[in-house]
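For chain F, the structure is supplied; the task is to place chains S, W and X on it using the hints.
Those protein sequence lines, which keep their order, are chains F, S, W and X.
Quick note on this note's numbering: the first sequence kicks off at 35 and runs consecutively.
Quick note on this note's numbering: the second sequence kicks off at 35 and runs consecutively.
Quick note on this note's numbering: the third sequence kicks off at 35 and runs consecutively.
Quick note on this note's numbering: the fourth sequence kicks off at 35 and runs consecutively.
None of these hints come from the bench; they were simulated from the model.
Incorrect hints may appear among the rest.
It does not matter which identical chain is used: a pair holds within one copy or between any two.
With a straight-line Cα cutoff of 25 angstroms, these simulated SDA-like cross-link-like pairs (lysine to any residue) come out [stated by the list, open to error]:
1) K219 with P121
2) K219 with D78
3) K103 with P74
4) K190 with Q156
5) K190 with P117
6) K219 with Y122
7) K103 with A144
8) K190 with Y122
9) K190 with N157
10) K190 with G106
11) K190 with F307
12) K103 with R326
What follows is the residue order along each chain.
Protein chains: 4
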Amino acid sequence: MIENKAPGKDISDEDLASKFPLAARRGDEPRRQFEIAGVPFGGDLIPVMAGPNTVENREMILRTAEAVKKAGGHFLRGGAFKPLSFPYRSDKYFELREEGLRYLQDARDATGLPIITEVMDQNYVGAVAEVADILQIGTRNMQNYALLIDCARSGKPCMLKRHYGASLRDWLGAAEYMLLEGCTKLILCERGMAVPHTHRASSRFLLDLQVVPAAQEFCSYPVGTDPSHATFWAPWVKPMTLASIGAGADFIMLEVHPDPRNAAVDPLQPISFDAYDQLMLSMEAVARAVGRTVGRSL
Amino acid sequence: MIENKAPGKDISDEDLASKFPLAARRGDEPRRQFEIAGVPFGGDLIPVMAGPNTVENREMILRTAEAVKKAGGHFLRGGAFKPLSFPYRSDKYFELREEGLRYLQDARDATGLPIITEVMDQNYVGAVAEVADILQIGTRNMQNYALLIDCARSGKPCMLKRHYGASLRDWLGAAEYMLLEGCTKLILCERGMAVPHTHRASSRFLLDLQVVPAAQEFCSYPVGTDPSHATFWAPWVKPMTLASIGAGADFIMLEVHPDPRNAAVDPLQPISFDAYDQLMLSMEAVARAVGRTVGRSL
Amino acid sequence: MIENKAPGKDISDEDLASKFPLAARRGDEPRRQFEIAGVPFGGDLIPVMAGPNTVENREMILRTAEAVKKAGGHFLRGGAFKPLSFPYRSDKYFELREEGLRYLQDARDATGLPIITEVMDQNYVGAVAEVADILQIGTRNMQNYALLIDCARSGKPCMLKRHYGASLRDWLGAAEYMLLEGCTKLILCERGMAVPHTHRASSRFLLDLQVVPAAQEFCSYPVGTDPSHATFWAPWVKPMTLASIGAGADFIMLEVHPDPRNAAVDPLQPISFDAYDQLMLSMEAVARAVGRTVGRSL
Amino acid sequence: MIENKAPGKDISDEDLASKFPLAARRGDEPRRQFEIAGVPFGGDLIPVMAGPNTVENREMILRTAEAVKKAGGHFLRGGAFKPLSFPYRSDKYFELREEGLRYLQDARDATGLPIITEVMDQNYVGAVAEVADILQIGTRNMQNYALLIDCARSGKPCMLKRHYGASLRDWLGAAEYMLLEGCTKLILCERGMAVPHTHRASSRFLLDLQVVPAAQEFCSYPVGTDPSHATFWAPWVKPMTLASIGAGADFIMLEVHPDPRNAAVDPLQPISFDAYDQLMLSMEAVARAVGRTVGRSL
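For reference, chain F alone in the conformation it holds in the complex (with noise of 0.2 angstroms):
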């Protein structure tokens, strides 16, 4: 055992035994598997969800979620809450609320894809709880422990996304509530860090993929990233992607939209269904060179 004496230390044995025992990783104990609506997490499957920004109308749901299914994707993604850092909406950039849910649901009962969607205020986790298999909470509610609270207390898997300006601990912490209050389903996604020098205009955060083995060392729950919303900018989503399942990733998550350059939300970083398509061939291509897959034939 090489004892660790360099400075700077953030993540302790204490911290593992005290601050987040349940998310804690010890050793070389085998990290968690569990299934969501019938898809293994953990294991050697990576899952994929894949979907727009934003549900925008009925039929671009529907039809993104069968665009995805086609590709062999494993939950379809879209937001129908959505967080915006300004309050004004447009004609664009709205959000359809509790009609986009039932949108959502349209589509897996046409589809049977399984649905990942964001939950932001208290008031709405029942509505979102009985429409999606899994409950996402973003970056900016990464440390709004009553929300957090309150989605492990409804009983539904969860993922939780990294804040940008969070440290692996911090996130771990966040964690530690969900799974005290219950959630014993429990993922969690890197979204891309604020940093001090970002590369271009399209690139507003960095995805961090240390963060992969660093929280796969110390924490027992699977890890992915989103490629999407760290690079803001489509031509990086492949190499970025392919960077994850390199560094270890559990599952990926990715904005896919039937036509990218009229997304109503951030018309730069979403991919198209046909490049969609062709990353899941390259993303099964290096899944199995590193021992896993994405369930795609090649």
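Below, chains S, W and X alone, put in the same frame as chain F:
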């Protein structure tokens, strides 16, 4: 007019016009002034809010209120609800919740000092608003828009702390959510950023004083600082408080405790009653040097 | 063409045209390919540079060179001159300087492996250039323009590491200094950024893999990574190396040591000969999945 | 003594004892005081160094020297050698090099003001040392240890600026290189960090004022700030200068120009002679409020 060609432009004229028009200040427009509980904000007076991190018991908050009042403070601060990065409480590290709110009420009744205290849960906005003169939204909830909206609708004055990873632009976007919902008395508080390198174990955050003139240039509402939380180290509270006044802070929030070393939470950061009393004198001297006052006689 | 309206634009068309026209890549222009010591860069091959942080003695560098060659590496790396953050050396923590250069020469003579080694002082550019096939400019000297110019004028191929706090724009500006002075074979190496939150004591830096596609979009020269220095933690070297290949890295630099736990410098980060040999197999598998190779048979 | 148990400890007692024993300050040890060119550092006086970014021509540096002297400044600053992030110079954006050194000499002869100017190349240490009273090592060269050693060996007083991405620990390590080589009069200057979010285009860096009390706690040498380079925006220079004095800065460096809008370099950041004269009055008022002086009568 000097044209600004530098890279990295964060806040544009279009932002001021359409992203946060209510929060925005344009050109030399005067900045806003208003009273909260009879205390003027945005003028020459620099109101001081002091008290413990956490309301530990009735006696300590009453004693602290008296010390704050005697030294010339304008508001009593103290947490009845207190977010912690990890869910476990101990004998020392707890929340008194509704009981704490009652003690804050008692302290106001005894001293006349108005109260500022944090609200973290949409279900408790009403209860906190009954006692607080200012609702404090903490760093972790800066982008919890559902909470922001509920606080704004309560009709109470609000303080919005900046998230430790948020840009000025995101902060003003969060403020806009509140202004749009009818908050008319909003104050903004810088409390330290997570930065690439902190300086020592006791300095978890970096107090960003440059954001004070920056926020005042772009936003018309009062902008203050909380040096205690940022430095996390009592010996640096004095220099960073005086620096805040030099930078133009419109109010100051400080952590003061009857027995700092035995504080229930974060014992490295509060200052004693005596140190606070001395600091008020130094603050008054610096405030006068920049044409302002903290209302303390020299 | 999607117009990029996002805030924070870091690299503009004007930058490409006038700030670093020699380093710039415009549109779909092909990226540069060239050979160094007979090894092709910028094509399907991903050259691997492996060896110890520091040349500790003649025997260890010879043994390492043999292990690197046997496993299929293309360059031997090792520091004869070694910048440390503090000036004090010890029995274990030293520089062999000219003596180390001779041992590197011996290792090349014995194995035929070309050499990459660091130069830190303008007065030693000539001495290092006599032995090195590639002059390495380390993170601390990325903006030491006098050294950059002297290296470029030596006529040797050069590797420019990114400073741990530098933007892509500043990095390409530093590259331009070298290209302008006649460096024709320049390769760029990401080695980890200082970020707001590191993950543990053993992770001082965050390997920025997003900079790989970003630098490749804006710059025509090969872009690689050094996962060992970034992670500072041997167990994360494998995932971050495979992730680098997934992200499209054009070369990989690794720290390999005959006896990692007794390494003279940074013993937490090098991997053993066996681990390196196994890693080369995994690298080859992932490289093939993305249409490239590290030149190792499976 | 409060035991420090917080995570993220950056500077340990062992660092003070063995990593930078010459730079270190232990406990309540008095901080160092010395004179440079007859100006006392480390005491009640806060020396002010003012002048242009770049020596543009003989006449402008002479006029600036007179204005600086008249307003009460202690040193003339101005770059004869000037690092730029990109290698191309223009009619406006250039270096006068040896010619600039002669003009600085002329300005000293005419006004008696001692000179501080930057050195960036080991080959010019001698030439700069002939003219400069203080050798300035800029942010980009903080870890150019070869240059640091050559400057220290010149026997001249030196100012070491902090790299915009460097920790306090790394900064003190760089200082130790100089002290070990015989530099006896060393001063440290904070000039802004690259941070996750800057506030506007004109603010490329964040002046880290918390590093002032932090560096003073751990290091015995004088610590000052350069608000002009950090803010990159003239309107914020005054608040950040007064904040620096509030934070305890031991000296202040400012950019002053006869015609700011037509400055050859970075025209958004220098202040005019009048603004400088007024600022000196405000600085004196704040300095007196904290028991110090900039030597200007009110």
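Each hint tested on the structure:
In the homo-oligomer, the alpha carbons of K219 and P121 lie at most 25 angstroms apart only across protomers (18 angstroms), although the nearest pairing inside one protomer, at 32 angstroms, exceeds that limit. Taking identical chains as interchangeable, the C-alpha atoms of K219 and D78 lie at most 25 angstroms apart only when both belong to the same chain, with a minimum of 17 angstroms there against 42 angstroms between chains. Proximity of K103 to P74 under the C-alpha cut-off of 25 angstroms is restricted to the intra-copy arrangement: shortest distance 17 angstroms within a copy versus 41 angstroms between copies. For the identical chains of this complex, K190 and Q156 are neighbours both inside a copy (14 angstroms) and across copies (21 angstroms), given an alpha-carbon limit of 25 angstroms.
Taking the closest pair of Cα atoms, K190 and P117 come within 25 angstroms of each other both inside a single copy (21 angstroms) and across two copies (24 angstroms). Taking the shortest alpha-carbon separations for K219 and Y122, only the inter-copy value of 21 angstroms comes in at or below 25 angstroms, while the best intra-copy value is 35 angstroms. Proximity of K103 to A144 under the C-alpha cut-off of 25 angstroms is restricted to the intra-copy arrangement: shortest distance 11 angstroms within a copy versus 57 angstroms between copies. Taking CA atoms no more than 25 angstroms apart as the test, K190 paired with Y122 passes between copies only; the shortest distance there is 23 angstroms, against 31 angstroms inside one copy.
For a Cα distance limit of 25 angstroms, the shortest separation of K190 from N157 qualifies both inside one copy, at 16 angstroms, and across copies, at 21 angstroms. For the homomeric pair K190 and G106, the shortest alpha-carbon distance inside one copy (24 angstroms) is at most 25 angstroms, but the shortest distance between copies (49 angstroms) is not. In this assembly of identical chains, the alpha carbons of K190 and F307 never lie at most 25 angstroms apart, being 29 angstroms within a copy and 47 angstroms across copies at closest. Taking the closest pair of Cα atoms, K103 and R326 come within 25 angstroms of each other only inside a single copy of the chain (20 angstroms); across copies the shortest separation is 30 angstroms, beyond that limit.
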